[in-house]
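Number of protein chains: 2
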Amino acid sequence: MKDSPETTLAALRTALESEDIDRARQLVNDLHPADLAVAIGDLPLQEQTEMLPTLSLDDAADVLEHLDEDEAAEIAAKLPLQMLASVLDEMEPDEAADILLDLDETHAAAALRKMTSSETVHPLLEHADDTAGGRMTTRVPVLRRRMSASQAITYLRSLKPDSEQHYYLYVVDRNRRLIGVVGLRELVTAPPSASIESIMSTEVISASVSADQEECAQLMSRYELMTLPIVGDGNHLAGVITYDDLVEVIEDEATEDIYALASLSADSDLDVFSPVRMMVSRRLPWLYLNLGTAFLAAFVISRFEAIIAKIAVLAIFQSVVAGLGGNAGTQALALMVRGLALGQVEFRHLWKALGRELVVGLLHGLAIGSAVAGVVYLWRGNPLLGLIIGLATFGNLLVAGLMGTLVPLTLKALRLDPALASSVLVTGTTDAVGFALFLGLATLYLPYLT
Amino acid sequence: MKDSPETTLAALRTALESEDIDRARQLVNDLHPADLAVAIGDLPLQEQTEMLPTLSLDDAADVLEHLDEDEAAEIAAKLPLQMLASVLDEMEPDEAADILLDLDETHAAAALRKMTSSETVHPLLEHADDTAGGRMTTRVPVLRRRMSASQAITYLRSLKPDSEQHYYLYVVDRNRRLIGVVGLRELVTAPPSASIESIMSTEVISASVSADQEECAQLMSRYELMTLPIVGDGNHLAGVITYDDLVEVIEDEATEDIYALASLSADSDLDVFSPVRMMVSRRLPWLYLNLGTAFLAAFVISRFEAIIAKIAVLAIFQSVVAGLGGNAGTQALALMVRGLALGQVEFRHLWKALGRELVVGLLHGLAIGSAVAGVVYLWRGNPLLGLIIGLATFGNLLVAGLMGTLVPLTLKALRLDPALASSVLVTGTTDAVGFALFLGLATLYLPYLT
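For the record, the sequence lines run as chains C and Y.
Residue numbers 0 to 449, in numbering that gives the first Met the number 0, belong to the letters of the first sequence in order.
Residue numbers 0 to 449, in numbering that gives the first Met the number 0, belong to the letters of the second sequence in order.
Honestly, the hints are just simulated from the structure, not real lab data.
Hints are not guaranteed to be accurate.
Just so you know, same-sequence chains aren't split out, so a pair can sit in one copy or run between any two.
Unchecked claim - Straight-line distance between alpha carbons at most 20 Å, and here's what the computed SDA-like set of lysine to any residue pairs gives:
(1) Lys-411 <-> Arg-12
(2) Lys-351 <-> Glu-70
(3) Lys-351 <-> Pro-190
(4) Lys-351 <-> Val-279
(5) Lys-351 <-> Gln-25
(6) Lys-113 <-> Val-141
(7) Lys-113 <-> Trp-378
Build the full structure now, drawing on both the sequences and the hints.
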């Protein structure tokens with residue numbers, strides 16, 4: 000029985016800390032590249048760049064592929080040029096392109112000139128990172144319709160083993176136009192003399208090189224595809240997105256939605272260990288935006304300064320009304336943003352969603368509003384104050400649910416990211432509405448309150 | 000060129016609305032089962048149950064597989080027993096088991112008795128839905144070590160075509176213990192007479208039937224596995240989790256984290272169109288919890304009622320301090336919860352993460368604290384008030400960042416869900432601390448404020 004990766008990782012960490020390089024090298028050989036990447040990712044940058052050249056080219060390429068993109072680019076920038084080129088040659092073309100795009104331009108150009116696979120990588124550099132063209136791999140074996148199944152298998156045998164698995168084989172015509180697809184399984188189980196044309200399926204789901212990566216992920220997840228062919232102008236096969244890219248895209252998009260809902264820049268490269276400068280640049284602007292909405296709410300309260308001076312107890316409860324509204328709004332928002340991200344909800348569902356949220360908001364408003372009224376009455380012994388705060392809570396919960404539903408749907412219809420800014424807009428509104436409702440009602444019934 | 004699924008879907012929706020069943024049936028034949036499931040999912044339950052028996056068994060099974068689990072179970076409950084059994088027989092065993100688990104017990108037992116594949120499905124019913132055993136499929140072709148590559152291919156040819164793709168073939172010994180794995184690609188490209196033993200890899204990454212589905216997803220994503228073998232006692236191969244399950248698990252776990260951070264029950268079955276009763280039961284308890292923390296914050300404010308009665312302007316700014324803290328805390332929280340979910344952060348990173356958040360909190364505190372102080376000074380013309388609110392904001396942002404980091408890591412170390420309750424705990428704390436800091440400082444400097 001082999002040691003678990005965790006045990007080997009812990010031993011490697013100890014060996015590296017005590018600079019026992021021989022022991023470390025021996026442990027490295029036992030590790031899966033993904034685990035090695037975790038171990039190397041934990042080291043300071045200085046040691047990472049010292050460690051990488053001691054690995055075989057193959058291992059070094061594997062480690063760079065498994066590291067976070069920004070970490071990989073930082074290490075790559077410190078490697079000697081010839082070594083960098085050789086490691087990039089060993090990598091999957093799409094991952095190599097990602098690193099080249101993160102290097103400064105002259106450095107990237109110099110590395111590209113020294114690479115033997117620059118022709119495969121070059122076309123990938125034209126596409127933005129988050130499009131189909133930027134995610135796809137171009138190293139794709141293709142079949143022709145007149146091949147027989149056994150010829151196809153002989154052809155596959157002749158290819159050098161490839162770490163990206165192609166279990167769907169795409170069929171192209173003489174102009175490299177995509178005309179069909181054959182599963183490796185169908186190929187293997189077909190009679191050896193059957194023509195590719197007779198076993199291929201012509202209903203191929205594909206996406207364009209300029210398609211957004213999220214669209215591609217939705218297609219792959221909806222139709223349970225393991226690979227998605229990517230086509231350029233005139234249906235020419237440009238490359239393939241594989242399922243491991245799909246997993247990455249789904250995780251990145253979920254990260255971005257979580258961040259956007261938490262008022263963070265939707266940048267999936269950001270994590271707990273990001274450099275402080277990056278951290279501040281992705282978080283501080285949103286705090287400034289929140290500052291704006293906070294002062295807007297403060298302005299609403301300032302309109303009622305005179306009544307608060309008379310009845311200070313209002314200051315105690317204003318935040319309860321606003322806070323509960325914010326919370327209910329965030330709930331509706333999270334449901335809607337997630338539904339939009341998973342493709343379950345579209346703009347045509349607007350009225351259905353609003354109607355449902357209206358019912359839920361009424362029920363929540365009744366349940367929470369009466370609880371708030373009860374607690375305030377019991378605490379302060381003032382039934383009218385209880386009634387006012389209960390009514391304000393009821394109203395604010397209703398508004399909150401509708402805003403949480405309406406704002407992301409509207410942003411989506413305007414082709415903006417529904418997660419972005421939704422959270423600030425929704426809680427900003429519920430704060431202002433909550434304060435205005437509560438203090439406004441209090442002003443109206445002032446004669447009976449004092 | 001075929002119509003796009005969207006066009007066909009729209010036509011189908013029109014045909015169904017005008018009850019043109021013949022046209023609908025014709026359109027159904029043109030649709031991918033995934034798209035058909037979307038169209039049927041949009042119908043009211045009544046029409047769904049009328050529609051399903053008009054489909055072929057194969058189509059009906061496909062549709063149930065592609066529907067949300069709760070929708071599928073609702074429809075299944077309304078089908079005649081014999082038809083239900085036949086449709087379940089056509090489905091993947093793991094999906095059939097999920098539906099059986101959602102039916103009431105006597106109904107499920109009756110359906111199981113009428114099923115021909117009950118032996119395959121039965122073992123799956125013992126495992127909880129969110130464990131490896133509940134997610135795996137048991138219909139797995141296996142190889143033996145002494146087979147030759149060509150014998151293995153002949154064996155694969157003899158199996159009836161199966162919609163779950165097995166591109167990794169697992170090798171077991173006579174006691175069905177897992178001893179190796181061969182990729183279909185290696186099998187095809189190996190010399191026909193090569194023994195399975197000579198081409199298989201013995202380093203198989205596997206998980207136990209009782210493993211949490213999230214653990215399985217992390218393994219598959221980390222090692223870029225397309226399938227993960229699931230073993231019972233004594234390393235017996237019990238089944239396989241396929242990459243489409245992986246995608247579902249990743250999406251479900253992301254949904255649950257997003258919901259938990261938005262103070263919603265972490266139930267991935269909940270969506271915008273869930274029944275009102277379900278909606279309220281997943282949202283209202285969290286609003287009541289929020290009610291508790293809101294009154295805690297109100298209690299903190301009530302301790303300062305006397306000073307607010309003297310200086311009503313404090314009521315205007317107390318929410319600014321609390322709100323900014325809540326926002327900064329949520330940012331730190333989202334980063335930590337996501338890092339924990341993706342397996343990037345562990346408890347041993349506690350000090351590193353806290354140290355980094357301390358620096359970020361200091362910088363945010365300086366930047367936002369001075370901005371708040373400036374705005375308040377300009378607005379109210381009172382430098383001391385500006386200073387007090389600036390200092391309180393500074394302090395609250397610092398506390399917020401540290402709480403947002405510490406709470407989820409602590410919950411994780413206690414083996415609780417780090418997303419759950421974190422949000423309420425963190426914003427509850429920043430509210431209370433924010434009010435106490437601001438109003439406390441104001442009390443301290445009261446003689447100079449008035």
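Here is how each hint holds up against the structure:
no., hint, in the structure
1, Lys-411 <-> Arg-12, "neither (46 Å within a copy, 23 Å between copies)"
2, Lys-351 <-> Glu-70, "between (45 Å within a copy, 17 Å between copies)"
3, Lys-351 <-> Pro-190, "neither (53 Å within a copy, 60 Å between copies)"
4, Lys-351 <-> Val-279, "between (40 Å within a copy, 17 Å between copies)"
5, Lys-351 <-> Gln-25, "neither (62 Å within a copy, 28 Å between copies)"
6, Lys-113 <-> Val-141, "neither (28 Å within a copy, 46 Å between copies)"
7, Lys-113 <-> Trp-378, "neither (77 Å within a copy, 62 Å between copies)"
Checked against the numbered hints given earlier, this structure breaks hints 1, 3, 5, 6, 7; the rest are met.
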